[in-house]
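**Q** Residues per chain, in single letters:
Number of protein chains: 2
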Amino acid sequence: MELTNTSKYPQVIIVGGGFGGLQVAKALANKPVDVLMLDKHNYHTFQPLLYQVATGSLEAESIAFSLRKNFDNQKNFRFRIAEVTGVDPEAQVVHTTIGDRHYDYLVIATGSTTNFFGNKDIEHNAMPMKSIPEALNLRYLILQNLEEAVLQNTKEDREPYLNFVLVGAGPTGVELAGALAELRNHVLCKDYPELDAREMRVYLVDFLPKVLGPFSDEASNAAKRFLEKMGVEVMLNMKVQNYDGTTISFEGGKTIRTKNVIWSAGVMGVVPEGISKELIVKGNRIMVDNICRVKGYSNIFAIGDVAAMITPETPKGHPGVAQTAIQMGDSVGKNIIHIIRGEPAEPFKYNDKGSLATIGRNKAVADLGKIKFQGFFAWLVWMFVHLISLLGFRNKVVVFINWVGSYLSNNGGTRLIIRRYVKEAVPQENEPIPHTD
Amino acid sequence: MELTNTSKYPQVIIVGGGFGGLQVAKALANKPVDVLMLDKHNYHTFQPLLYQVATGSLEAESIAFSLRKNFDNQKNFRFRIAEVTGVDPEAQVVHTTIGDRHYDYLVIATGSTTNFFGNKDIEHNAMPMKSIPEALNLRYLILQNLEEAVLQNTKEDREPYLNFVLVGAGPTGVELAGALAELRNHVLCKDYPELDAREMRVYLVDFLPKVLGPFSDEASNAAKRFLEKMGVEVMLNMKVQNYDGTTISFEGGKTIRTKNVIWSAGVMGVVPEGISKELIVKGNRIMVDNICRVKGYSNIFAIGDVAAMITPETPKGHPGVAQTAIQMGDSVGKNIIHIIRGEPAEPFKYNDKGSLATIGRNKAVADLGKIKFQGFFAWLVWMFVHLISLLGFRNKVVVFINWVGSYLSNNGGTRLIIRRYVKEAVPQENEPIPHTD
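Chains as they are written, first to last, in this note's numbering: chain X, 1 to 437; chain B, 1001 to 1437.
Check the hints yourself; a few may be wrong.
[As the list claims (entries may be wrong)] List time: in silico EDC-like cross-link candidates among lysine to aspartate or glutamate, alpha-carbon distance up to 16 Å:
#	chain 1	residue 1	chain 2	residue 2
1	X	Lys75	B	Asp1072
2	B	Lys1210	B	Glu1228
3	X	Lys423	X	Glu123
4	X	Lys372	X	Asp352
5	X	Lys239	X	Glu228
6	B	Lys1190	X	Glu123
7	X	Lys190	B	Asp1104
8	X	Lys370	X	Glu343
9	B	Lys1031	B	Asp1104
10	B	Lys1349	B	Asp1289
11	B	Lys1075	X	Glu194
12	B	Lys1370	B	Asp1352
[Claimed, not checked] Stretch by stretch, here's where chain B covers chain X in the computed footprint (C-beta under 8 Å, at least three residues):
#	segment
13	277 to 290
14	369 to 381
15	389 to 399
[Stated by the list, open to error] Calculated Cβ distances over 10 Å to all of chain B for the following chain X residues:
#	residue
16	Ala27
17	His41
18	Pro209
19	Asn237
20	Gly245
21	Ile337
22	Gly405
Derived from the structure by calculation, the hints contain no laboratory data.
C-beta atoms are modelled at their ideal positions from N, C-alpha and C, and glycine is treated no differently.
Sequences are here, hints too, so could you generate the full structure?
**A** This is how it looks when you write it as structure tokens:
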């Protein structure tokens, strides 16, 4: 085990290098604390653009940024690749895959993972898309299934490979549906001249009566209109019953034959062992007080997707979006310093900056407070906001070039299968491709 | 199985989408043949820049290009992801992982793989770097070992993680040695402030008395001088005895403790089953006549690394470089048309365009016929030649931006561990990182 911290400063451990964790570390720069960030990956993931990695419009590395590099200039920051397996609040220790680490202040910024609501069949057969490896797996599956479709002789045999069913019509589902429709409309005829684009179908399913549930009705309606214009089949008020890997079934009896089910119907917080079960509320989130402190503990905080700050205005907690994590992270970083200095902590106040979702080229929806607009201008705003939010100058430039290239050519992106996706077992480089005939 | 080709044109099957295979297909554009390219990957790999993927300077996707996309506009071209498991020259059929395919003309452009000269220990423990998945594995191993080094308490414990031994001082070994030295000299102190850069050591080993064996003495000497100036320890006339995963041993008794051995000491052709063993010469290459036709067959060709055209001027065949493959590919494409038209085939003539190798920033060597130069101007030429040779405008722009960024910042690139490398078994996304303490 590494030598323990011998510094005279309090040790702040941040678990997770997502939007929230990053912000805590930033707020603690040049402050009298030692910061240790733990993450199972050595990079930050810009989740809002994961769907473009999945469809091959962007490389994974353009939406990720090295956590070490990001804090190159922050003297009190250290980073370790580690997974936290548990918390011992009595001993002020986290158990991790690289051993135990002592903390004076702990920030749980572990985010969320896909919620399959207990359905093991769906969990096994549908594709989640919450991390870069998952988005890459999805990309490889989509491309492999297009290749499989080419090898089939009849429309019926091709059908399951060319039907794409997206469950969950939140921003992720909507954006992915739009991107798949563009792939069908513009790329398929060029890259797969053997296939008839009309045979590829994109279904977007939700159990709610609208797409983009939390958005305004104007935004929802416009998004649905945009999607349908692009050829996406939007199925609302539909509840998924099961998915066995070949057929997805819905309550009421409808079924679709498909090898491509992408599940973005819900998330749940990732809570380390050791946090009292009584503090866990709906969505597997940890109840926190008005300074994001885990109830009952003086020095453990939780922020972002894994935290539920329940107030009269937010009876289910704050929305599980990047802005919540960023603002909570900033607040917690500052409050840790207040607490160390014996100053009163400042209650967290959420500043709703609004919501954006894009559907495709020239098409997006924006709810910015009372200002709501849809279409080309919303799309420009969406691009601008995402570009400036990306970590790293290089990433901004590379993503911008990719977008310009895609816009001009209608055939951008790199649709490469770097590592073949095989369910359950990740293949060796030289593993033969299974026979299909 | 797919419906067989019902076209009236002869079927040309090209096995492999490397430099040679691409060129054959290009030469057959708009000609009265049907072209089917088979490759186990759906992309072309620009092998000369693999080492920059391994050190995290470039993303994998910048040096790869979709084979389907590359031939979007070529009407007589089809592509399938498939591995060829054998050739049946009597039946004019290739056996593949997607079934049998009939050919009228077959071009074997399968390239080469790493040659461990039969040493199973080395094959199991050392890292090859001939494909994108291999280069990524190497990147992940290098980064993981730096992370491991951080977790160790003593210089002795850190030593095997921080010693890098490159076996084979050809262009690949030299370029990788330079890139690792730059990582040590410029990046380590920023990204890993816990480590002392002097503890990281880069060894470049060859059994020959010079680096860059086939280059001029001027180039070799300059490359060695550049490398040593950057802190690479060049060990010549050294023959590796064994490597058990922790210690590499050399004839004469010297040993180095290291977890990082990269093997670029030799290559061997990838020959499909069914080609007569009598035609295989040293380096596992297939003997071909003066039009790259496999000896004894009228309609099977072999080009590039897998072909040996033995002439008085080339007693061991042509050099295993991109130029050989490109020129042979072009020649074979044209000769297939000549043969179909009943015209005489044109013997292959190799045009040696010279050799380039870079060692690091502002440092390269160039042997262009009688013109030999080293240093900054050679480095500009190296960059220019590699940029224009890359497939795809987007790739050229992205690589250029990355290079400019790295040059200005001395800390470019994306050193991300997207999928943890584990020997033998590729891990699941959530596999815990093994304990080290």
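**Q** Is X/Lys370 close enough to X/Glu343, meaning Cα to Cα at most 16 Å?
**A** Status violated; Cα separation ~37 Å.
**Q** Just want to verify: X/Gly405 was marked as not at the interface with chain B; is every Cβ pair farther apart than 10 Å?
**A** 5 Å, violated
**Q** Please verify whether B/Lys1349 and B/Asp1289 have alpha carbons no more than 16 Å apart.
**A** Answer holds: B/Lys1349 to B/Asp1289 is near 12 Å, not above 16 Å.
**Q** Quick one, are X/Lys423 and X/Glu123 close enough, alpha carbons at most 16 Å?
**A** 12 Å, holds
**Q** Given the hinted pair B/Lys1075 and X/Glu194, is their alpha-carbon gap at most 16 Å?
**A** 11 Å, holds
**Q** Beyond 10 Å from chain B, beta-carbon-wise, is X/Pro209?
**A** 35 Å, holds
**Q** Mind checking the alpha carbons of B/Lys1370 and B/Asp1352 for me, to see if they're no more than 16 Å apart?
**A** 11 Å, holds
**Q** Does X/Lys239 pair with X/Glu228 here, judged by a C-alpha cut-off of 16 Å?
**A** 20 Å, violated
**Q** Could you grab the alpha-carbon distance between B/Lys1190 and X/Glu123 and see if it respects the 16 Å cut-off?
**A** The given pair, whose Cα atoms are some 41 Å apart, is violated under the 16 Å limit.
**Q** X/Ala27: least C-beta distance to chain B exceeds 10 Å?
**A** Correct as stated: the minimum Cβ-Cβ distance to chain B is 20 Å, above 10 Å.
**Q** When you check the alpha-carbon spacing of X/Lys372 and X/Asp352, does it fall within 16 Å?
**A** The given pair, whose Cα atoms are some 14 Å apart, holds under the 16 Å limit.
**Q** Per the stated criterion, does the least C-beta distance between X/His41 and chain B lie above 10 Å, as a non-interface residue requires?
**A** Label violated. Min Cβ-Cβ 7 Å, cutoff 10 Å.
In terms of the numbered hints stated before, the structure departs from hints 1, 5, 6, 7, 8, 13, 14, 17 and 22, listed from lowest to highest.
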